[in-house]
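Protein chains: 6
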Amino acid sequence: MDLSNEQRAEILVQALPYIQKYYNKIIVIKYGGNAMLNDELKKSVMRDIVLLSLIGIKVVLVHGGGPEISDMLSKTGKESKFIGGLRVTDGETMDIVQMVLSGKINKELVSLINSIGGSAVGLSGIDGALIETKQLCEELGFVGEIVKINSKIITDVLEKGYIPVVSSIGCDSSGNAYNINADTAAAEIASSLKATSFILMTDTIGLLNDKNDVNTLIPRVDIKEAPALIESGIVDGGMLPKVNCCISAVEKGVDSVFIIDGRVPHSILIEVLTDKGIGTMFYKQ
Amino acid sequence: MDLSNEQRAEILVQALPYIQKYYNKIIVIKYGGNAMLNDELKKSVMRDIVLLSLIGIKVVLVHGGGPEISDMLSKTGKESKFIGGLRVTDGETMDIVQMVLSGKINKELVSLINSIGGSAVGLSGIDGALIETKQLCEELGFVGEIVKINSKIITDVLEKGYIPVVSSIGCDSSGNAYNINADTAAAEIASSLKATSFILMTDTIGLLNDKNDVNTLIPRVDIKEAPALIESGIVDGGMLPKVNCCISAVEKGVDSVFIIDGRVPHSILIEVLTDKGIGTMFYKQ
Amino acid sequence: MDLSNEQRAEILVQALPYIQKYYNKIIVIKYGGNAMLNDELKKSVMRDIVLLSLIGIKVVLVHGGGPEISDMLSKTGKESKFIGGLRVTDGETMDIVQMVLSGKINKELVSLINSIGGSAVGLSGIDGALIETKQLCEELGFVGEIVKINSKIITDVLEKGYIPVVSSIGCDSSGNAYNINADTAAAEIASSLKATSFILMTDTIGLLNDKNDVNTLIPRVDIKEAPALIESGIVDGGMLPKVNCCISAVEKGVDSVFIIDGRVPHSILIEVLTDKGIGTMFYKQ
Amino acid sequence: MDLSNEQRAEILVQALPYIQKYYNKIIVIKYGGNAMLNDELKKSVMRDIVLLSLIGIKVVLVHGGGPEISDMLSKTGKESKFIGGLRVTDGETMDIVQMVLSGKINKELVSLINSIGGSAVGLSGIDGALIETKQLCEELGFVGEIVKINSKIITDVLEKGYIPVVSSIGCDSSGNAYNINADTAAAEIASSLKATSFILMTDTIGLLNDKNDVNTLIPRVDIKEAPALIESGIVDGGMLPKVNCCISAVEKGVDSVFIIDGRVPHSILIEVLTDKGIGTMFYKQ
Amino acid sequence: MDLSNEQRAEILVQALPYIQKYYNKIIVIKYGGNAMLNDELKKSVMRDIVLLSLIGIKVVLVHGGGPEISDMLSKTGKESKFIGGLRVTDGETMDIVQMVLSGKINKELVSLINSIGGSAVGLSGIDGALIETKQLCEELGFVGEIVKINSKIITDVLEKGYIPVVSSIGCDSSGNAYNINADTAAAEIASSLKATSFILMTDTIGLLNDKNDVNTLIPRVDIKEAPALIESGIVDGGMLPKVNCCISAVEKGVDSVFIIDGRVPHSILIEVLTDKGIGTMFYKQ
Amino acid sequence: MDLSNEQRAEILVQALPYIQKYYNKIIVIKYGGNAMLNDELKKSVMRDIVLLSLIGIKVVLVHGGGPEISDMLSKTGKESKFIGGLRVTDGETMDIVQMVLSGKINKELVSLINSIGGSAVGLSGIDGALIETKQLCEELGFVGEIVKINSKIITDVLEKGYIPVVSSIGCDSSGNAYNINADTAAAEIASSLKATSFILMTDTIGLLNDKNDVNTLIPRVDIKEAPALIESGIVDGGMLPKVNCCISAVEKGVDSVFIIDGRVPHSILIEVLTDKGIGTMFYKQ
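First to last, the sequence lines map onto chains Y, W, R, L, F and G.
Counting in my numbering, the first sequence tops out at residue 312, every number present.
Counting in my numbering, the second sequence tops out at residue 312, every number present.
Counting in my numbering, the third sequence tops out at residue 312, every number present.
Counting in my numbering, the fourth sequence tops out at residue 312, every number present.
Counting in my numbering, the fifth sequence tops out at residue 312, every number present.
Counting in my numbering, the sixth sequence tops out at residue 312, every number present.
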């Protein structure tokens with residue numbers, strides 16, 4: 028872009044009302060998908076987060092794992108069984124999951140934020156007993172269901188000026204770790220914090236009326252209308268659990284929830300700091 | 028500008044290092060000249076200030092009066108005498124000066140900032156005994172010289188989250204008000220607050236090697252070199268006292284001092300939040 | 028007075044129960060009339076206020092303007108029209124009103140308090156958006172009606188140890204300034220702060236049963252009895268709006284409201300710190 | 028006194044500069060002698076102290092015992108021996124001393140202050156290990172010498188808004204209680220607190236040039252001149268240790284120290300809040 | 028005990044769950060009886076209290092007087108009359124009571140705690156007007172009934188890190204002191220503080236089903252069952268008022284109340300920090 | 028152990044002076060070796076740490092990895108080369124190291140502490156940029172040397188009431204992670220925090236005069252004598268770097284440093300809370 032400094036300043040000024048709107052508010056961001064795999068995008072997302080943090084927004088980053096877990100499992104010669112789409116997680120598998128999430132991905136994100144000039148602290152659902160979990164069903168092993176969010180550790184860390192980066196691991200009162208769905212963990216954390224916004228980064232551009240036509244984006248969904256969308260088949264497949272997370276967060280008190288396209292550079296900033304969103308927003312009138 | 032939201036976001040991100048640099052720091056801005064007379068520019072400057080305030084910079088605005096004082100004096104049929112370029116200020120004149128500065132201009136700026144969504148409080152050098160003054164010389168009447176800055180009222184107001192807007196009126200211990208030079212007042216306030224930056228808005232583009240050629244801007248002046256510039260005649264006329272203010276502020280501990288062109292839209296933002304300044308910077312190596 | 032030091036000490040001790048009663052409580056004082064015009068009285072009132080402040084009472088001073096506004100208008104050759112007793116206030120007139128109130132009277136009071144050893148800060152209804160106002164009616168121009176008091180700026184200033192001095196100027200959300208009635212402004216500020224007392228200084232000795240007989244002072248009025256007093260004609264003319272202010276303040280939660288005679292030296296101290304009041308007190312049983 | 032309320036208010040105002048001078052400062056008062064024996068005077072002194080406390084002065088009251096100890100000793104049939112003017116204090120005697128000081132006089136003073144509307148807490152040198160003591164000499168038994176003042180308990184109590192009332196009992200690290208001189212204890216506490224003033228109430232009008240002529244009061248003594256006064260015999264007898272306490276307090280950093288006549292009603296207030304003192308002031312130029 | 032350090036450490040670890048249970052909670056202990064008369068036991072109790080304080084429990088100690096009062100009365104030749112088991116308390120007797128309680132016993136306990144390394148402050152019901160009292164009946168003189176507990180002074184002292192030691196003296200608003208029952212005072216203070224536990228030290232091992240058989244201890248009493256116990260005669264004599272104190276404290280919100288045997292070394296620690304209590308616990312299901 | 032509750036209480040009381048000594052002080056514990064491999068011992072150590080935390084000691088736990096890293100490397104088929112006893116650490120190896128340390132061991136310890144009733148937060152040297160590191164030498168790859176400890180994150184976490192558990196990973200300003208020696212990391216963190224004690228848990232009983240005779244333990248070493256011990260060969264092999272860590276910590280301001288035998292149950296408690304240590308203490312006279 029060949030812009031004069033005056034033009035650059037003008038653009039900063041145009042962000043003013045959005046900065047005012049989110050000032051001192053909490054935004055929970057679920058980070059995952061391609062935005063996490065592409066190094067360029069990853070750095071860009073972290074830079075966006077440091078920027079939001081500096082202009083007075085309290086950002087909480089929640090991440091899952093995905094392909095890196097499978098890579099590590101295959102490296103260690105561990106084969107995975109699946110029941111109903113969920114990975115059967117024995118003790119050894121759980122160790123791998125936890126190591127990849129809390130030991131690798133989490134620390135890489137923290138490190139990246141710090142190197143950009145932010146100040147991050149990595150947490151898992153175990154630290155400060157953040158995510159209390161119970162076993163989903165015996166067959167699946169250490170696959171967990173969230174029982175309660177103890178958000179004190181997050182508010183403590185925010186209060187001290189750090190950006191909390193949370194890996195989606197849960198624990199029960201006996202000290203067992205569980206693999207939990209990162210979208211759900213992020214939505215529950217947002218609900219527990221009464222966040223102003225919850226942003227779910229995906230690899231889609233949002234809800235489409237016609238899945239084959241990217242020009243049919245549904246920009247806003249009142250959660251009253253959500254059941255109809257589901258019944259009609261517009262929401263299905265992998266989008267169904269994501270949309271359910273969004274609806275649940277809105278119902279539990281998050282003002283506005285967004286499904287945005289993590290593949291678009293600066294999609295978070297565009298959603299938060301410009302005049303039009305780029306994905307689908309869920310809200311309650 | 029016909030920019031995509033992605034391009035807009037990119038520009039915000041490019042401001043990140045500058046935002047980090049000034050985070051939680053104090054910037055004192057002397058506001059005056061044409062930037063104060065043109066309504067469009069005035070609103071633009073106030074918007075820039077609200078933006079700086081929201082991204083975590085502690086902005087202190089100091090203003091003078093100028094033409095509005097003369098207007099009011101002529102309206103009331105009061106004629107002015109001048110000695111050595113300074114207005115002889117009898118009691119009645121001082122009343123007019125104070126009313127225009129503290130009652131009109133000051134409140135207009137506060138009101139403008141509030142209407143944009145900031146939160147400002149108007150002060151004069153009398154409030155909290157901010158600017159202690161003594162008479163300069165008897166012939167000039169209520170023309171004052173600064174004795175001491177009591178900056179507690181400014182830090183109190185900043186701490187409570189307001190933008191202080193200060194009119195350049197001083198007072199002595201008997202309660203008399205004095206007309207004081209606004210550039211000097213602003214520089215002394217910046218020094219007393221150990222501000223990170225002091226920005227002096229003028230109607231020039233900065234120091235020029237050749238006053239007739241706008242392409243000869245001197246972008247940076249180490250204050251060691253200032254005496255040579257003055258001796259050579261590059262600094263003269265109305266610029267001389269302004270440059271002296273700048274030198275004094277640097278000597279008293281302000282990190283960097285800028286003379287910028289208030290006629291350029293967003294000149295403050297350009298100076299603070301982009302990669303190249305637009306005026307002349309004074310510093311000490 | 029030819030008193031021994033022992034007698035002087037005895038008098039201080041006799042004030043003890045009153046000091047205890049008001050300790051750490053808020054008293055809002057509407058200051059106006061002759062007490063404001065006579066320099067000796069003005070100094071005396073400010074000294075009383077500094078004293079109250081030092082013995083632990085949180086004093087808020089609200090003032091209007093009166094004759095000084097007319098003087099200034101005539102000086103600038105501006106003629107005033109009146110509709111129903113209210114001055115038609117065009118933009119130019121409003122500028123004069125604001126300059127006299129916020130730029131002259133307000134700063135003089137602040138300066139006087141500071142020179143006595145107190146620490147005051149001058150505010151108008153514009154600072155911190157203290158007095159939100161709307162236009163009363165189009166014909167009157169910038170004559171305003173109070174919509175809401177944002178008392179945060181006053182409690183902030185009190186908390187930092189200053190005496191707030193407030194000029195009765197209001198503002199709307201677009202940043203326009205309005206002329207508002209100072210008695211009403213003071214009463215509304217007292218209500219908003221849940222002040223313990225509101226003292227309205229006037230040029231009368233209080234409510235009289237027989238307006239021609241100063242010995243018929245009504246010392247206490249339960250606001251239940253107020254309508255009867257109005258109907259009977261005991262309250263009329265200029266006293267009617269003042270009494271209505273008092274009733275409104277009591278109804279909105281101010282414990283006790285006083286109309287006192289500002290022409291009597293130390294009338295505030297006598298009301299607050301001695302065993303008998305000197306004016307008319309309004310209360311609710 | 029037949030004064031109008033206006034005259035009363037005028038007197039309050041005349042105390043203003045003295046109130047300002049001592050605002051938020053610490054004054055330690057050694058209370059004893061006739062002012063403690065006469066019930067009327069006692070109540071009057073406590074009322075003075077509550078008044079000083081309310082107008083923002085941090086008052087610390089230190090008291091001894093005197094005749095009440097002898098009374099109690101004689102009631103219990105305990106006879107006292109004296110060596111060099113000091114009472115030989117065996118364990119049983121010490122119990123009586125402590126009971127009278129901490130159990131009777133101290134609680135009476137606390138109770139009196141509370142009933143007047145102040146809020147006092149009774150302490151002895153044992154509480155919070157306030158007065159660390161060692162044995163003066165074996166023959167005298169539990170007669171102690173001050174080793175160190177641990178003033179934290181006093182500043183804690185002041186900070187919470189109470190008036191500390193201290194009985195002059197010391198303790199050693201093994202938990203033994205000691206009888207200590209109350210004048211010395213008060214002076215050391217004042218020194219340790221870096222009090223602004225220390226007031227020593229006595230049964231004399233102060234230092235007299237001619238002990239037989241009450242018109243020869245020495246109003247001010249620079250401590251440099253004190254040795255000469257002692258040598259000349261002007262200071263002798265019971266006054267000598269008291270004057271030594273005063274000198275020591277000034278030397279250790281108390282701004283001004285007063286010996287005043289406790290028999291004069293309101294002598295404390297007269298000293299603190301009026302334009303001329305009534306006893307002898309010790310100071311250091 | 029001939030234990031290895033490892034065994035000692037093991038015992039410390041076994042106390043862990045009890046330490047966790049009481050962490051940062053308030054325990055009020057009524058201290059009296061033989062535990063107060065035997066010097067060895069006294070020191071042991073104080074050491075237990077310092078230990079509880081160090082492991083994060085907020086301990087409040089309340090004590091009465093007993094035999095020492097009678098001793099002192101007889102020493103002074105004062106004879107006591109009793110009506111209905113209560114001592115008729117004239118002014119002179121009250122002085123003795125107060126001196127012994129607040130001047131002797133209270134300060135000895137404070138001194139003992141300090142010499143062990145704790146930090147105690149002695150209070151009576153007079154300090155900070157802690158125990159507001161009225162006369163029980165005229166015939167008994169200064170025997171009081173508690174009207175209200177003003178617990179601010181206790182929470183202030185706890186907050187500053189001291190152990191408050193309270194003697195059971197009450198006062199009325201005129202400043203008169205009253206003799207009050209120490210068990211009742213302690214129970215009321217526990218109720219007012221919403222203490223987690225109230226421990227009443229006695230010279231019995233607790234409630235016995237058969238008073239002649241120490242093996243019939245009743246370890247736990249739901250306060251619903253208390254009336255039946257009283258009716259059956261199991262609770263009678265001196266235990267009756269003590270049990271009533273316990274019931275009242277439970278009803279007013281204290282979680283658990285214990286009557287324990289002060290003659291057993293470390294009975295408090297055993298009750299608080301081990302797995303089985305040693306007396307009778309009162310609770311509400 | 029068959030002890031009465033009274034005996035148990037007695038033992039608690041005997042720990043009192045040690046609890047007082049460490050109250051509110053910081054102890055850094057390097058945890059490793061067999062105490063980390065044996066599940067029973069691991070749980071016991073964590074219980075000791077929760078106990079220390081509850082009695083008011085600020086415990087910081089630092090751990091390394093050891094055998095679990097080798098296991099994981101062999102599982103993934105990664106072979107290790109060693110230069111001078113140090114593992115050559117390429118990027119893939121570093122990933123494994125970090126995952127095992129921060130993702131597995133660290134979270135297990137946090138989880139264990141939480142399940143016992145403590146409240147822990149897991150950190151690595153990356154979080155809050157705790158351990159700034161640079162490359163030791165190129166050949167060794169990601170083996171780091173500590174440049175600076177930024178202890179703010181640890182004091183923040185302690186202040187909020189958590190036990191920080193730190194894995195010994197360092198990072199440089201570009202965001203690269205490094206493998207660092209855990210003993211050194213723990214010693215440097217202790218120094219940076221000006222800890223009162225640093226405890227280094229090992230698999231030896233301490234320094235022995237005769238390595239073959241466990242009865243020749245050297246209980247205390249003044250660091251002045253350390254060079255002689257090294258020269259004499261008493262300190263050699265694996266003990267040499269450990270002893271150097273200890274000396275360095277003492278030199279940088281840690282009061283006392285202990286090498287203790289982690290194989291002995293409750294060795295930490297024995298060292299901290301009983302009358303004789305069980306290992307070798309390093310100190311500076």
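Hints in this document: simulated from the structure, not taken from any laboratory.
It is possible that some hints are incorrect.
Any copy, or any two copies together, can satisfy a pair, since identical chains are not distinguished.
DMTMM-like mimics (lysine to aspartate or glutamate), calculated; alpha carbons at most 25 Å apart, straight line [stated by the list, open to error]:
1. Lys187 to Glu106
2. Lys238 to Glu67
3. Lys52 to Glu95
4. Lys70 to Glu119
5. Lys70 to Asp199
6. Lys48 to Glu37
7. Lys279 to Glu37
| Index of numbered hints that the structure contradicts, given in increasing order | 1, 2, 3 and 7
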